[in-house]
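S.K.: Build the full structure now, drawing on both the sequences and the hints.
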Amino acid sequence: MSFDKITNPLKLRHLVGDMECDYIYTAGIAGEKFFIALRDEEKFLATPCKKCDITYLPPRMYCEQCFSSLEEYVEVPTGGVVDTFTLTYEDRDGEPLDKPVLVGFIRIENTDGGIIHQLGEVDFDSVKLGMPVVAVFKDKSQRSGGLTDIEYFKPK
Amino acid sequence: MTIKRRVAVIGAGITSFRRRLKETGKELSYHAAKMALDSAEMNLSEIESVVMGTAPDAFDGIHMKSENLLDGAGGTGRPYTRPFVGGGTGVFSPIAGWWHVASGLFDTCLVVAEEKMSPVQPHPQTAFRTIWDPITTRPLNPNLVWIFALEMNRYMKTYNIPKEHIAEVAVKNKGNALDHPSAQLAAKITVDDVLNSETMVWPVQRLDISPPSDGAAALILCSEEVARKYTDAPVWIDGVGWSLDSSYWTNRDLVFPQYVAEAAKMAYKMAKIDDPPKQVSFAEPYDPFTYKELHHMEGLLLAKKGEAPKMTAEGITQRDGKLPICPSGGLLGVGNPIAAAGLMKCCEAFWQLRNEAGKRQVDGAETGVCQAWGDLMQVGTVTVFRR
Amino acid sequence: MSDKMKEVPGVYLRDSELKAPDAIVFKSRPNAKYVWTAGIAYSGYLEAFKNGKIIGRRCRECERIIVPPRMFCEQCFRSTDEWVYVKDTGTINTFSISYLDADANRIEEPILVAVIDLDGASEGIGILHIVGNCAPDDLHIGMKLRAVWKPENERIGCVTDIKFFEPLKED
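Residue numbers (the numbering used here), protein chains in the order written: chain A, 20 to 175; chain B, 8 to 394; chain C, 20 to 190.
A portion of the hints provided could be inaccurate.
As the list claims (entries may be wrong) - Simulated pairs of lysine-lysine, BS3-like, Cα-Cα distance not exceeding 30 Å:
id	chain 1	residue 1	chain 2	residue 2
1	C	52	C	169
2	C	52	A	24
3	C	38	A	159
4	C	169	A	30
5	B	236	B	11
6	A	30	C	106
7	C	72	C	169
8	C	38	A	62
9	A	157	A	147
10	A	52	C	46
11	B	164	C	182
12	A	157	C	38
13	C	46	A	159
14	C	69	A	24
15	C	46	A	173
16	B	164	C	188
17	C	52	A	118
18	B	164	C	106
19	B	317	B	366
20	B	195	B	317
21	B	164	C	163
22	C	38	A	52
23	B	236	A	70
24	A	118	C	46
25	A	30	C	69
26	B	312	C	163
27	C	163	C	72
28	A	24	C	169
29	C	106	A	24
30	A	175	A	159
31	A	147	A	118
32	A	30	C	72
33	A	62	C	46
34	A	157	C	46
35	C	72	A	24
36	C	52	A	30
To be verified - Residues of chain A clear of chain B, computed beta-carbon distances all greater than 12 Å:
id	residue
37	108
38	119
39	156
By construction, these hints were calculated from the structure, which means they are not laboratory data. We put the beta carbon where it would ideally sit given N, CA and C, even for glycine.
M.R.: If you want it as structure tokens, here you go:
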């Protein structure tokens, strides 16, 4: 047996709505320490797991491999190398951007982690894999404790 | 049915349950999972599989949040599964863990349940706006509490249950929770306190409802062979059952939770229980609302239809009564981080059956039944634990 | 184990700390907009509402007339057979009096809501709707109600084309 069919598109009804909620996310125990250091001291913090010889950035409260509790936070350089990069032409809603934005994944020195951020003071054709870059921080008055406290990463 | 092999629980862990916790969902999962591993003196490296039970993504506000929670739950580089049946998830996740081990596919399974309801603003109720059928129900702007109030009213009227008997559940559970280290709303209250509390959606009053919470819990499941290596006192999962009813909830009977009875029958059959009130030492039915504990006691066949309120009024369900119900303090006393709440009940069964429940201990506990409920009031999940 | 637990992990956070101006928190609002299709069955349901009627479907195997209508019978697991109009009167199966709105804000004037078993549909087949023109104290299970429709030019093909159900006065 099969269903009735609707052949008149005007009889096919629909309802418009949303699934909107507002959210406030905490950064967590490790996250809070990382962002306070970023905002107040222009520093990057990481958590080393001595057992696995992994240094996490962004820092974590636990090692995901051996599940040890990580309590030591170490300062690491505020730069590293470009691991990969791309040029984006659309915003997060799929609308075209006025100017394409250069985005990179930067592996931070002395860690096994990295940060995805904008690349600045360099054009797309000049970026190379492995290129050393360093973070450019916003003015202290404009920093609020988030990755946007970094303006962009620029070639070292 | 032929079950391939017996499954044991050898460790449990739990975080504080509070309206708002600072930790991220990953960190909460880690706390509970680590505590469970430490309690069994195991390393993460000995865990072969992980089950993560976590309820609506809309609370934490991270779509597909189980993937986000993975590394905190020990899932990195491991077979990792997320079962989901709304509020029933807390008791369903150890059932999923049970499949992992009973099938012979894995010798060990870490079961974690986590919920963060605090990110949603202004209140978790807002996330519940999206649970309704968008065509037939959402245009009426319902509040989730409506369906509980509608069910409670029909149940009370059908059996002429006085509100006082229902209020006794809040008094008992909040009182029991005074002895639970994670408890969010433990308190010594009276029946009058409940009857005088603000009416939210009649007949549901403020003290009839459990709070929204952040929290996590975890269990370590393993095969019989592995269990004997780690402990002299494994707790066995002897029965599992689950069932769902239609989501056309205005087309079905609201007086008796048939979906719980079906799940219970499945679990009891496996556990060879044919006279539940006599063969069960204590039970942890899901109690997000006072009347639901009673509703679920009847669904679990621990009380005849309409009889649960009287049993409560007579003190039978107190910790030192003939059939203790929610010795932990339940959701009403300990808190309701949706999925973690159900697993909290399973942790309770574990500690009770090992004589490790301290002041909450039920004497001579041999067999415990845990049950959770959720979705659009339609799922029953039941687990039978034995020493 | 738990009797040895003096402290369980978890750092309590107050609402004021979450919302403090220097709190390390991140705000977000998803851009989640939807157009839900009513499908075959609900399109028929809503079309009937626009015409001031309530319609259901009949399954010839279990002989139920079900509302809201579905193209499949979920009990027999086969296609349903025909459209059947039901009455816009019914009986209260259960009801409630809500002092909370959809966002859990407290409201002064309560919303009266009920599951209404519809006349003409099978036993126990009801729909959720609002009750109006009725004092909260008069509500009772078994009370007979009748739909109060919006005028034709205001009906758009939505369940709110019925403003509410009001007590049916027995003559």
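S.K.: Any hints from earlier that this structure breaks? Give me their numbers in increasing order, please.
M.R.: none
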